[in-house]
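Residue numbers (the working numbering), protein chains in the order written: chain A, 1 to 684; chain B, 1 to 684.
These aren't lab readings, by the way, just hints derived from the structure by calculation.
Wrong hints could be hidden among the right ones.
All copies of an identical chain are treated as equivalent in the list; a pair is satisfied when it fits inside any one copy or across any two copies.
[Said to hold, decoys possible] Think about it this way: if two alpha-carbon atoms lie no more than 30 angstroms apart in a straight line, the pair counts; the simulated DSSO-like pairs of lysine-lysine are: (1) K149 with K178; (2) K684 with K221; (3) K622 with K512; (4) K23 with K362; (5) K402 with K335; (6) K448 with K622; (7) K178 with K569; (8) K426 with K149; (9) K59 with K448; (10) K622 with K642; (11) K342 with K113; (12) K426 with K178; (13) K634 with K622; (14) K569 with K622; (15) K541 with K89; (16) K642 with K325; (17) K530 with K569; (18) K467 with K23; (19) K23 with K342; (20) K512 with K499; (21) K423 with K149; (22) K634 with K569; (23) K402 with K23; (24) K622 with K325; (25) K236 with K642; (26) K569 with K625; (27) K221 with K325.
Note that this is a predicted model, so its numbers are computed, not measured.
Protein chains: 2
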Amino acid sequence: MIRKELISPRSIAVIGASEDVHKPGGALLANLLRSSFNGDIYVVNPKADTVQGIKSYHKAEDLPDVDLGILAIPAHLCEEAVRILCEDKHCGAIIIISAGFGENSAEGAQIEKNIIKIVRDHNASMIGPNCVGVMTPYYTGMFSQPVPKLDKMGIDFLSGSGATIVFILEAAMQLGLKFASVFSVGNSAVTDIEDILEYLDETYVHGQSSPVKMLYLESIKDPQKLLKHARSLYNKGARIVAIKSGRSAEGSRAASSHTGALASPDDAVDALFEKAGILRCFGREELVTAAAVLMYPKPAGRNIAIVTHAGGPAVMLTDTLSENKLSIPHIEGPKAEELLSKLYLGSSVGNPIDFLATGTAKQLDDILNACENDFDFIDAICVIFGCPGLNTVQDVYEVIYKHIQTSKKPIYPLLTSIHNAEKEIKYFQSLGGISFSEEVVFGKALGKYMNQLGATADYPEYRMDTKTIDRIIAENGDGYLAPADVKALLEAAGVECVKEYVIHSEDELKAKAEKVGFPMVMKVVGPVHKSDVGGVILNIKDLAQAYESFGRIMKIQDATGALIQPMLKGFELYIGAHNEGAFGTMVLCGMGGTMVEMIADTSHALAPISREEADRMVSSLKCSKLFKGFRGAKPVNEDIFKERIMRIGALCAAYPQIAEMDLNPLLCDGDRILPIDARIRIKK
Amino acid sequence: MIRKELISPRSIAVIGASEDVHKPGGALLANLLRSSFNGDIYVVNPKADTVQGIKSYHKAEDLPDVDLGILAIPAHLCEEAVRILCEDKHCGAIIIISAGFGENSAEGAQIEKNIIKIVRDHNASMIGPNCVGVMTPYYTGMFSQPVPKLDKMGIDFLSGSGATIVFILEAAMQLGLKFASVFSVGNSAVTDIEDILEYLDETYVHGQSSPVKMLYLESIKDPQKLLKHARSLYNKGARIVAIKSGRSAEGSRAASSHTGALASPDDAVDALFEKAGILRCFGREELVTAAAVLMYPKPAGRNIAIVTHAGGPAVMLTDTLSENKLSIPHIEGPKAEELLSKLYLGSSVGNPIDFLATGTAKQLDDILNACENDFDFIDAICVIFGCPGLNTVQDVYEVIYKHIQTSKKPIYPLLTSIHNAEKEIKYFQSLGGISFSEEVVFGKALGKYMNQLGATADYPEYRMDTKTIDRIIAENGDGYLAPADVKALLEAAGVECVKEYVIHSEDELKAKAEKVGFPMVMKVVGPVHKSDVGGVILNIKDLAQAYESFGRIMKIQDATGALIQPMLKGFELYIGAHNEGAFGTMVLCGMGGTMVEMIADTSHALAPISREEADRMVSSLKCSKLFKGFRGAKPVNEDIFKERIMRIGALCAAYPQIAEMDLNPLLCDGDRILPIDARIRIKK
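Just chain A, with the same shape it has in the complex (with noise of 0.2 angstroms):
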């Protein structure tokens, strides 16, 4: 639990602070005395009497109450102080910037353990150990450098890991970014950033709060956590960039079926993230850089210029922009003639408008002008501008940044120049502006976030005989269902089957007949060579044809009745599902029969699945290509092919204790899309 004394203290106490801004108590101390904190600071030094000008307590006990306490003292002097805040100050929240706790030593982890008791005991807050502390709108407790640019709507940052902070928040300023908070979570002991998630959900309101939020993580430790909070921050009008990282690791699971072998567990935080609506990222600088596309307002549409007074980085952005389905499109016209005309000659207004590198800040006026008002079919605009050495580059920044603030367009500066126009750029970043350097590393994140699904918002809802699946359920131990099984627990969650039926005399044949369909197969029941005895016959196409048929095979010696099936041709597809524990269960789909394994043209999604969801697994297929029709079979219905993956998503949800799941293949003839062999596992 998130106290507000964690978030917005009266007063805080640095137990273990120091004269020495070396050490992190002494620099933890100078960071909050040159923050905006503007409540009560009390420090506490057995051997000083005032530090860095502090009255200063020589024992904890002296303290009077107050609201937070951060502690930089040894491991072992800890759980004494942490006692004396919670039980004896009325202390709601405590930060553990120290080490040498369970990342160390069994004897550290004992007294971890011993202060998470105090904590909870107490029902307050913390943040760590073992971290390098947490900054919030109201103070800056934090003992590493840089400390950013404080901005109640700048970025709330939460990381699993102390140095990566400090290395992506130096990868961030050079963005010029700033931050309305940062969370360091170091061991987690009591507080994870599923936690601080759920206070910044919480306490969400669109408009008021900071719109973006950057999270490192390392491991997720509460998967459903994240996700809930995630989609609604999300569907607030939220939007979070993330790094998962950890994910070679070569201990993974042995999924015991094909099906399942092809989503990897990493596939599982893609998946998790997708419906979350979280941008996943795998590196610090496309981290910050999708950070910053995120704190511009998102494009209203895929038509982006590219302003510029430099051709190879237009290419280059160009390039990257269409690779991501972005278009570039042509400009032309009598308003682009009229821009053109306020260029120097050789410039070109096609797209990219390059006004070559003489060209000026009034220059870049019109262009922006123009690009907001007259090209009404411009919904970005990237104005790439650098500098030679020659001359400053100040007053083309300062039209940039104005034509920010009042277009209704994003405008995404790229200041390419970080040597030449260092200053310019710190100076643009000074007046509030976020800027990239880089056109590919820009243009991959800009791409990242237009092609990114978006937090699901409703899953559709299918009726199921619920009674019979429990039952199924309830009376099969772990391992795989029978097949008799595994088709009444499909057909009992709607998904349709082959229907076969067995006929003993003509009256029952029209009317099973009729629910087969035509063309059927008829198969002699009794005779264990079928084939041999001329029992099988094929491609039955009416009425008239099965009686006479049926008059034939049950003249066969032996024969009991007859087998009906609907007589099937098409495109071989498949479903499965996999159990991924706290991830919720994979559904698969993709190329079926002996292709799956072979080809592994496949994609997924975490159940339950929306329509956005189907809709992308299976557009993202290869073999979509083929559902047109395919070696004379009949196109694939795409409708119903992804009804079925919605209501096995749908059925997986409610039902984890079917472990896996395996439909393959399912034939796709018109409108049947039939599962010809399926498998369930069972796990309690």
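Assemble the complex: chain A is given as a structure, and chain B must be docked to it using the hints.
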């Protein structure tokens, strides 16, 4: 042609030199004066008697003889100046930085044309116009900033875009890269990047010349020249890294066959670069990072040690390296224990070697000694060391630098704190160190290098019946060859085709049947509807059955003979080829049959094809997993498939008149890989 006057002039005249360093002519002179050029510098400025302290000539006519003339005057004055320099001043090299030529107007294009003629007539070198200039180990003839640190063993940098040079140099400086030369070719009126590369190739001496070439290209005018010299440089020991932008050009050629359409025009660039040993990059940051990686010796193997004082970046680097097929092997044993004992409690040496945020320079020294000397299986070492802002890290960086100088294994420094350790990073680079700041960006670059095939060394040679091939090509006009010619051409090239013979008498049967092999198919010749008259006999297993079948077939009414063919069954592959103009012919292979268009499981290389390229082509196919045997088919003999690919490559390289070729399917029945259907289109 590059003359020595361009590289190492004894004297330089700056025409249009200015007192005002905000003008190109002023900035260029200032850069030149600051450089280590030790020849004579002359300036021409009609309005001044001295410029930046140098005596100024009022007219070019007044100049003494000069080796190199650099022009920074309006375009319309350049022609006369070039004439004077070349005709009267024995000038061997010209650099025109001025714009306003072909890139600008028809008038400018004419001036450019006139200048080209003068320069060519005098057999001089010329760079530009419309460029930022040239820098060599002997002088700095550029007007832009930054002027990079000069080092004969630094990077040679050739660029088709001037402003892009500036931005790339700015990015390169962040890593501490030094340069041996910079060439901005501008409009490439006389000298293109291929020409400079030719010069660098012809003058290259391994160990004495700059080992790394960096290129920025927007077009490749002479792919074969680029290939020739890049490949030669690679094979002499140089390394080349390049961006070729403009790859998304919508106006791509319409390929007339599906096979051809599988390779996009940009694939030809990829294939050319692969052949040439050029490491292809797509953005500026990727480019300079790859160049920095190339400045280190290549790791002898794929085992990487990661040494870090911070968990997060090590995890992300491990992820990235693993994804790029590099290994971070577990480190254990007595030597590992010994190392661990030297580190603080909580450190780990299992790899990543994490010596904690509190780790010292001395500990790093121990770790690096162990990695270099004790852990033989380690091929390269990455050291991640940033700074949370408490203390200086200069001592650590000195240790890293010391080890880089003496270690036989490459040691890559990842100095992550671009803000907190800015001063120390600059110090490290001032010693001569090259550093990286972002682990994922670095890891991708290292991975790319380690997975590079390298320039082709030599190509397999094949004996072909060139007389027959020449004849078929001569006898046919443009267009598709008739089936008989296709077969004759393929067989002349040594490509085995399906053997089929028409037999008229029992006497012929034995010899031909042995050529065809068993099982075989026999078809009646004469009657039109062969099947209806029982004239198709499948699966003939031996000679006895063949005689019996021949007897039956010859009894059929109107039978004049019998066609025998092998009865083939197997996996379907394909090989295609498509002429890509100046790039040569692209050879493709992949999954065949109707799958080729649908699944697009395809790979390609430019003809001729080396053994390594064929290996890569085949192993990168998804369907290569199926080669071991699939659905009861015999395994595909990969060696024979590769031989076919290389042979087709040799054929297409020798006969560029083959505009298009399509062997689809190629049926793979054990050791027989035979085209069932083949098309060849000729375009002379």
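Can you name, in rising order, the numbers of the hints this structure does not satisfy? 3, 7, 9, 15 and 18
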